[in-house]
Amino acid sequence: MNQLGTNHLLYLLIAAQWTVVLSLIAFAGGSVLGLAIALMRVSKLGVLRSLASGYIQLIQGTPLLILLFLSYFGLGIIGLKLVPLVAAGISLTLYAGAFLGEIWRGCIEAVPKTQWEASDCLGLNRAQQYAYVVLPQAVRIAIPPTVGFMVQIVKNTSLASVIGFVELARAGQIVNNSTFEPFVIFSCVAAIYFALCYPLSVASRYLERKANAGR
Amino acid sequence: MSYKFDFAFMADRWPDFVAGAWLTIQLTVLAIALGFALGTVCALARVYGGPVLRRLVGAYVEAIRNTPLLIQIFIVYFGLSSLGLKLSADVSAVIALTVNMGAYSTEIMRAGIQSIQRTQLEAADCLGLTRLQTILHVVLLPAMERVYPALSSQFVLLMLASSITSQISVEELTATASLVQSDTYRSFEVYLIVAVAYLALSALYRFSFWLIGRGLFARKRRLGTSL
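Chains as they are written, first to last, in the numbering used here: chain A, 1 to 215; chain B, 1 to 227.
Next comes chain A alone, as it looks inside the complex (with noise of 0.2 Å):
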């Protein structure tokens, strides 16, 4: 039996870099299907709206995990290797999207209705719309929310210990098969994942008092 050391916690420290990459890359990949399922929600035409809100409930109504397992077996299907980050990733970027899509398009609706007729009588077209009257506007509303979820990206990327991706939770489970004294070890990750998600919602908390101060 080891003795739990410095080592260890430097072990979970690195194991916390690949935690901060996975939820980047879930946030980066979840923005851009996000803005447009957002986009396809609030569009005129109505096969998009339906399709768009037939994916956001096929995400909201099952579980992460079954979404990282069906990513992980289905490259398998499609003939590609196995590689955790990419399923992990994959599955991370699905739900994302999903959530932010529905986020964003409630901020989007959050832009009144007379900037959308002030654009109009100026003679804008829809593109010009979004790009210089309703996204920028928009934009400023979802900062605080979209801060917020990012919490639950960065708590859910444990799941991708259970396809073997090696983060921060299944740093944990590795260090605790080897010295056996697991409250310590699992705090002290909790500890981690604290002190990376703390700092977010205190500022999604800030960022929103900070908008509605104007009003």
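Just so you know, the hints here were simulated from the structure itself, not pulled from any lab data.
Treat the hints loosely; a few may be bogus.
Stated by the list, open to error - A few chain A residues that face chain B, going by a derived Cβ cut-off under 7 Å, partial list only: (1) 6; (2) 73; (3) 99; (4) 190.
Note that the Cβ used here is the ideal one computed from N, Cα and C, for glycine as well.
Add chain B to chain A, keeping to what the hints say.
This is chain B only, laid out in the frame that chain A set:
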């Protein structure tokens, strides 16, 4: 792509999935009920309690909301047993899910309770309601009504999150899937079926919460009409 889907294993494995889904329902209904009760008490403490109590509840909420459920489950199951408190996987799962649910419902209920105006409490006082009656009828029920949509989607999220308890060998729906796929090697098909099962479960939960909401908040009165 030459993959052939094969769902033949379902012919004799479907009772396993039903049993798994039933355990998922039992675990989550228990955790939702206990967690909501815990959250309601904590929310009352957070709004009306003294400064120490408020701080304590705040720390609990922040600690839970900023750490992954997976790690919370590990701490309860592996951590507590190493400290001498040996709990079965099922009990650990219920405890971890309850504590998790409690933190989220504290935040949601706090928002609801804070939206109840002071004048309502004063009016209840004038009508001679006791403290308990005031809290129950004037504070909690209207507060719950205001945050009910957020509350019920949090309940559904908890049901989905209960899939994580498969990691400590709780034999619920996801664990059943892992077991069946290791027997049949039809991993993708197994998880497809379970995904559909979870979709059905979340539809069932949403519908149930809608029904419960209808029952709880039936007496709707339009503003400006007489009682």
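Now for the hints, and whether the structure bears them out:
1. 6: For residue 6 of chain A, the interface hint is violated, since the closest Cβ of chain B sits about 21 Å away, which is over 7 Å.
2. 73: holds (4 Å)
3. 99: violated (10 Å)
4. 190: The hint holds - residue 190 of chain A has a Cβ within 7 Å of chain B, the shortest such distance being about 4 Å.
Comparing the model with each earlier hint shows violations of hints 1 and 3; every other hint is respected.
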